[in-house]
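Number of protein chains: 2
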Amino acid sequence: MKKMSLDELCINTIRMLAVDGVEKANSGHPGAPMGDAAMAYVLWTRHLRHNPRNPLWANRDRFVLSAGHASMLLYSLLHLTGYNLPMSELKNFRQWGSLTPGHPEREPHTGVETTTGPLGQGFATGVGMAMAQRYQAEYFNRRGFTLFDYRIYGILSDGDLMEGVASEAASMAGHLGLGQIIYLYSDNRITIDGPTDISFTENRGKRFEAYGWHVQHVDGLDIRGIDAAIQQAKKQTGKPSLIVARTHIGYGSPHKQDSPASHGSPLGKDEVRLVKQRFGWGKRSFHVPTSARQHFRKALTSGARLESRWNGMTRKYTGKYGKTGSVLADMLQGKLPAGWDSALPSFDPTAGKVATRSASGKVLNAIAPHLPILIGGSADLAASNNTDLKGAGEFGTDKAGRNIRFGVREHAMGAAMNGLALSGLIPYGGTFLIFSDYMRPAIRLAALMRQQAIYVFTHDSIGLGEDGPTHQPVEHLASLRAMPNLYVIRPADANEVVEAWKVALNRREGPTALVLTRQGLPTLDRRRYAGARGLSRGGYVLADPPKGARPRMILIATGSEVSIALEAYKALTAAGSKVRVVNMPCWELFEVQSRAYREKVLPPSVTCRLALEAGAPLGWERYVGDRGRVLGVSKFGASAPASILFEKYGFSVQNVVRQAEKLMG
Amino acid sequence: MKKMSLDELCINTIRMLAVDGVEKANSGHPGAPMGDAAMAYVLWTRHLRHNPRNPLWANRDRFVLSAGHASMLLYSLLHLTGYNLPMSELKNFRQWGSLTPGHPEREPHTGVETTTGPLGQGFATGVGMAMAQRYQAEYFNRRGFTLFDYRIYGILSDGDLMEGVASEAASMAGHLGLGQIIYLYSDNRITIDGPTDISFTENRGKRFEAYGWHVQHVDGLDIRGIDAAIQQAKKQTGKPSLIVARTHIGYGSPHKQDSPASHGSPLGKDEVRLVKQRFGWGKRSFHVPTSARQHFRKALTSGARLESRWNGMTRKYTGKYGKTGSVLADMLQGKLPAGWDSALPSFDPTAGKVATRSASGKVLNAIAPHLPILIGGSADLAASNNTDLKGAGEFGTDKAGRNIRFGVREHAMGAAMNGLALSGLIPYGGTFLIFSDYMRPAIRLAALMRQQAIYVFTHDSIGLGEDGPTHQPVEHLASLRAMPNLYVIRPADANEVVEAWKVALNRREGPTALVLTRQGLPTLDRRRYAGARGLSRGGYVLADPPKGARPRMILIATGSEVSIALEAYKALTAAGSKVRVVNMPCWELFEVQSRAYREKVLPPSVTCRLALEAGAPLGWERYVGDRGRVLGVSKFGASAPASILFEKYGFSVQNVVRQAEKLMG
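These protein sequence lines are chains A and B, in that order. With numbering that gives the first Met the number 0 applied, the first sequence corresponds to residues 0 to 664, in that order. With numbering that gives the first Met the number 0 applied, the second sequence corresponds to residues 0 to 664, in that order.
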């Protein structure tokens, strides 16, 4: 091997591991790790405060590889600095069951902070992490007890900067002045389709200045320059920092440097040989020179020292500040504090109609004082989504304020929620159900990462009325139900909203979408019908034929259609039909019940079934079966008052009775 | 009524119509029309080249109300300038069956160019319109025959500028130097949640300069200033223009001006009275002073003259340039040219495996030379999506180049495709199926507007392999099928790709998603199995038991799972089972077939059915019925080679045979 400085040796170690990992997998992205190794090295060895032995240390700096395709860069750094990611995993890159998937997937035990790959998501998730840091600092820190002062570092690619979600998040971060963010933008001037000249010629630095960011330009190979830029960025406590680093994709590859050819494919055996020659690396694969390893592993001692100091401080803190100390302990253990649900409201059926969005606002306000890690807001629809926490202050303005003003930025809201959840908080975010489409990629990542994000999706059907089809969700319930690991809950009345929030808050391992009405709904009389607790089983029998008679047919409904089903039930029962009403607010919860329970609710012998839901019928066949029928919405909505739309689309008691009678023959 | 200048009178007429419309509907957004009336007036009476008598005149300037909630502004202008939108429709605002829905919905006969309301969409759709203008100009215009020089004007709100889709589109427009765009940004400093100070403090003008836009600042009440700014913007032929106009939401309302209170609710009877007092308007509702009407209606004469001159030029042009003249005639009539499908390839089953994405690239390249209105590209995945048109030039660089480099901007791509389609072109756009989530709001608008956009969604399942779950679609087929009016086609082999493109191109009234594999698939031997033409019916019988025997079970599959089903069929048949294989590439097409046909394909008496699809099982119960089973993907994918994933997720011939035998008992 060629003589080289320790810095060079370490940087080339990263490069060669990435090259070897991709080559062995015969799949992956070698170019970005080769180009970004120098700046990543400077960041990880001179700035990042972390403890490889405990990737969950609460005050660690976060590293977000927004350019997730450069995954081998991250895996190499984790391995080299001493995380629980052995060389065997690097050799097993992109293979079944490995800890080194093609794109980084959140894995707390190996130090992968967040799942990235879909471009822009890491950028915006990091903004959420910085929001979490600010809240934690404002809520927990006391004079002499700086518990939370971690920074969020990231590496970005051109693609990250082109995606709208990153633009939204950048604007939000600039507005909030999130100075803990330091992002290194790998300006390699190459995208998959060719040089950035063909599609991306804006002045990126100037754009970020316009957002209120601190912007610097450096040479991505200049170790000192990068170091100085990060130093400088750290001083910007009131502004997020973007360091535009001129890098070279596939750096060191004689035939593929600065070419898309090094982006998404292995370099190939011959080129790998030439690259190793170029770096004086010899022929060995997955080689880590001892001095490089020793240098990287210094992170172990410094990390242990950092954490131990922090633990000491935290112990003293807990002794001195009992109340916030106990909030801290719960947060660190991922526990909800005792009594968080002590003040939940209940709603009186005689008190008139209540929109489920309005009930949700009341529930949220009842819970919030007992659950300081609950934080959220709306994408500029706070009054409509009923997401405001009264008296809880404005995030970013008031100290430890909890009302986040996301602006008209649903996608950034979704991604920021992921960052908040990854940091130990419980985020909620509101918008109209229709605009869940704007944030789907972020919802998907919450589901994939098993993060507790709570979506407050109001105005859930044609029932929103006059705003028309652009604002009326039709396909959204079905499309959200299709997503693995997402709970979709559509409560039927105010008391079910209470239960829905309980489910959402107790579910620490995944996201929940609360689907709520704009319009008022009757509060069901639970002395007459089954209790709202049934929601926790996903589906339950709400009403049955009198005198324990066996039902001849089943009406199944969710949300605003449940009270229509009950009215139809009354009319049919009065006419002598034997009808059961099943409320099915959450399919996902129903599906995990025992078969016995499910068949008790929907007995296979009762094949005469009618499902009512003001949304796409897709999927309802599962519950109505071959002989059943679905009364859904198979076309777009229309602009008119809600009551007229319900009538026109068939959601009237009269029509339900007619359809039910037809089905019963 | 108070004495006022003609300009004032006209502007106030717009304001009062908007106020009255919202008040009568008891629903809507009065604030924006009141604030934006002055600049809209200047634009519509001094700059917009249009012919109210023919809203489809091909060289009309386009007006995009990106701030769709200000719909009464648009309806007032359309009514006043003489479009086919009588006063009765203004009085019927937001009512069932009216032509004046809550947000503007594309309606060619009344002059509503595009559906807006979901923020950012209008902005980005307008960018697509400007791309169409450039292509049409470059393709059709000749010396002395400037057939296409229309401009795209728009009115934007704060929300439009906050949405990521607009950021993506702005970057694209700046890169392409789309000088025909002139957008007026209504900088009213108010969003629903309060002053923009609480969430949106970036320097918008500077941001747009960074994108390469020409930016001006004016007072939104200053008629001369607005006029001069638009004049100036017109001179910027190489740069899109943003005119930042300081406006006042609810202008003229004593208690609600500059307040969110005037945004989304009627002003209320008392406030309306005060506003009318303030403007010296008297008490009449829906009042249009004669002189104002006369002034606005000048658009009729000038429009007729403009169009007649254009028609004359076009006639001469057609005489002189036969070939492009005939392309023009077809485009204007919405017809596909004769022989567009003359060069479609066919694929030989003995020639080895072909990925359906690769077949798609061949089909596209075969069609393109015969269909000059076909234009498109990819969101930075051209080589992966196989969307490049060889030799057709680069859009924006080569004259009439047709390969659009959208960059990593799926959402802007989707919205721009809507703009292209609305302008008479047939756009296609490629990305990975997983990233359809990034562009869903735009897909939905294509479906709602019945526009012919063709999505080339490749890498359609866990079959993409090593890139892992962040890149493997699972729920996307189901979530796209849930959307009304979208065709989702997943062809089983190369020859079905030909048929799929035929369906997509013949479908002038709605969008189609082509869902294609990364991996190679066998080309089915159509002498042995039914012809690929069956695709046009959505589902068809591919194989049946030998000797006309009645099937005992049905295997139903789509895309890459069809050849697995056929292998299983062979094994089962060899073992003596009587099995039918149904290929179901497009549910939407199958659903519109006659009941007789559907029951021929899926006879109700054959209840033993197994569906195979490497995606969420949601909805498949419709076809497999109560006794059937779905072999789908109910969790997220994983990072590993595709063949291993197919095995692990149960998509092996062996497992299908086992499941089928189990079902048959």
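Rather than coming from a laboratory, the hints here were simulated on the basis of the structure. Keep in mind that the hints are not guaranteed to be accurate.
Pairs count within a copy or across copies, as identical chains cannot be separated in the list.
When the alpha-carbon atoms are kept at most 16 Å apart in a straight line, the in silico EDC-like pairs for lysine to aspartate or glutamate are as follows [as the list claims (entries may be wrong)]:
1) Lys361 <-> Asp387
2) Lys319 <-> Asp257
3) Lys205 <-> Glu88
4) Lys634 <-> Glu508
5) Lys352 <-> Glu270
6) Lys634 <-> Glu590
7) Lys205 <-> Glu598
### Hint check, failures only
As far as the earlier hints go, 2, 3, 5, 7 are violated by this structure, in ascending order.
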